[in-house]
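Colleague: One-letter residues, chain by chain:
Protein chains: 2
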Amino acid sequence: MEKGKLFVISGPSGVGKGTICNRILEETGMKFSVSMTTRKPRENEEHGVNYFFVTDEEFQKVADEGGFLEYAEVYGNRYGTPIAQTLERLEVGIDVMLDIDIQGAQNVKKIYPDGVFIFVLPPSLEELKNRIVTRGSETEETLKIRLGAAIAELQHAREYDYCIINGDLEEAVAAVKSIWCAEHLRFSEEIFNKIDI
Amino acid sequence: MEKGKLFVISGPSGVGKGTICNRILEETGMKFSVSMTTRKPRENEEHGVNYFFVTDEEFQKVADEGGFLEYAEVYGNRYGTPIAQTLERLEVGIDVMLDIDIQGAQNVKKIYPDGVFIFVLPPSLEELKNRIVTRGSETEETLKIRLGAAIAELQHAREYDYCIINGDLEEAVAAVKSIWCAEHLRFSEEIFNKIDI
Chain A
17 MEKGKLFVIS
27 GPSGVGKGTI
37 CNRILEETGM
47 KFSVSMTTRK
57 PRENEEHGVN
67 YFFVTDEEFQ
77 KVADEGGFLE
87 YAEVYGNRYG
97 TPIAQTLERL
107 EVGIDVMLDI
117 DIQGAQNVKK
127 IYPDGVFIFV
137 LPPSLEELKN
147 RIVTRGSETE
157 ETLKIRLGAA
167 IAELQHAREY
177 DYCIINGDLE
187 EAVAAVKSIW
197 CAEHLRFSEE
207 IFNKIDI
Chain B
17 MEKGKLFVIS
27 GPSGVGKGTI
37 CNRILEETGM
47 KFSVSMTTRK
57 PRENEEHGVN
67 YFFVTDEEFQ
77 KVADEGGFLE
87 YAEVYGNRYG
97 TPIAQTLERL
107 EVGIDVMLDI
117 DIQGAQNVKK
127 IYPDGVFIFV
137 LPPSLEELKN
147 RIVTRGSETE
157 ETLKIRLGAA
167 IAELQHAREY
177 DYCIINGDLE
187 EAVAAVKSIW
197 CAEHLRFSEE
207 IFNKIDI
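Heads up: the sequence lines are chains A and B, in that order.
Heads up: the first sequence begins at 17 in this note's numbering, then just goes up one per residue.
Heads up: the second sequence begins at 17 in this note's numbering, then just goes up one per residue.
Rather than coming from a laboratory, the hints here were simulated on the basis of the structure.
Glycine included, every Cβ here is placed at the ideal spot set by N, Cα and C.
Check each hint, because a few of them may be wrong.
[As the list claims (entries may be wrong)] Using C-beta positions, here's what the derived DEER-type ranges look like:
no., chain 1, residue 1, chain 2, residue 2, range
1, B, Arg58, A, Gly45, 48 to 54 Å
2, B, Glu187, A, Lys56, 46 to 52 Å
3, A, Glu206, B, Ser29, 23 to 29 Å
4, B, Ala165, A, Lys126, 42 to 48 Å
5, A, Glu142, B, Glu206, 19 to 25 Å
6, B, Thr35, A, Gly92, 58 to 64 Å
7, A, Thr44, B, His200, 15 to 21 Å
Could you build the full structure based on these sequences and the hints that come with them?
Modeller: Written out as structure tokens, the structure is:
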């Protein structure tokens, strides 16, 4: 059986990665990895579906055993991508999508260099600002911080295999789908099983 | 300006590369490289459009100067891909397609490793045989030779970046187009000129 492929998407907050990822999952059958988190479940969130909800001790144990592809702390809660679950999915031919930050992607690259790393750029800083403002909940001060962080993050685009500009959503989705198709066309010995020679 | 990309397509004779290439040229604006040949022009063939028609001496001079990306002799006529013309096109942002044999592709890879190398496979040996027979002009003996050569050639698929199976033409064309799109999404410093930061 052909193994699945791991697609890692990063980009500054507000760039619209989430929307792109959801469309790609719908249209390709790719699956998000289910993260482990110490955050309390919200209403409608299901253990093993949205997240694996664990205690701080349980999370730390997995971290200590090197069981995460990457993990991070966000607003006091910890989030991690379990290696075992991801590899199991890839092994049975399921493509897995990780929507993670740059540091997480750097860690994944060390552990799983065969991953396909995609960076999403905004068409302009002005547009990124508009998107962040539209989402609300930013003060003038935090907006400046986020934009500054975004500019710094863009420099890391060169560590990724592919870069797409999310100006038009349909174009961005089509771009990621092209990458997904092309990556499945890379030479692998598996190809000889697909033809009748 | 963003440089063009060089796409090199190989595959056993009869696999349908020509049809795929023509469709790709129509749909992407990619251009065939214009080969130099010692063959006499056929009716309707134009110098500089279909081929650069040259004498044996002129051809040999270019070959001696290392002016070909690759060259080969077919039925007593010589054919070569001029480096200068190909690089000029790439330099001004035109994608170039080379439909060449495995040995030619190996030479191109040495001189221009940034090329994108695509191998086209038949869905089955039976189907390849049918396609060769349909084209006519094969005796039982030459058919056997061509099929034997095809089987040997398939082993070289692993030297290519991508492999596509030409079972259904539309799928094969879509596959090459995905590769073309994805390769243009590879990170290059050029991306920072495309966004307004």
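Colleague: Against each hint, give a clear statement of whether it holds in the structure.
Modeller: Right, here's what the structure says about each hint:
Checked against the hint of 48 to 54 Å, the pair B:Arg58 and A:Gly45 passes, with Cβ atoms roughly 49 Å apart. For B:Glu187 paired with A:Lys56, a C-beta distance near 47 Å keeps the hint of 46 to 52 Å intact. Checked against the hint of 23 to 29 Å, the pair A:Glu206 and B:Ser29 passes, with Cβ atoms roughly 25 Å apart. Separated by about 44 Å at the C-beta atoms, B:Ala165 and A:Lys126 satisfy the suggested range of 42 to 48 Å.
Distance hint check: the CB atoms of A:Glu142 and B:Glu206 are about 21 Å apart, consistent with the given range 19 to 25 Å. As the Cβ distance of B:Thr35 to A:Gly92 is approximately 60 Å, the hint placing it in 58 to 64 Å holds. The hinted window of 15 to 21 Å between A:Thr44 and B:His200 holds, with their beta carbons roughly 20 Å apart.
Of the numbered hints stated above, none is contradicted by the structure.
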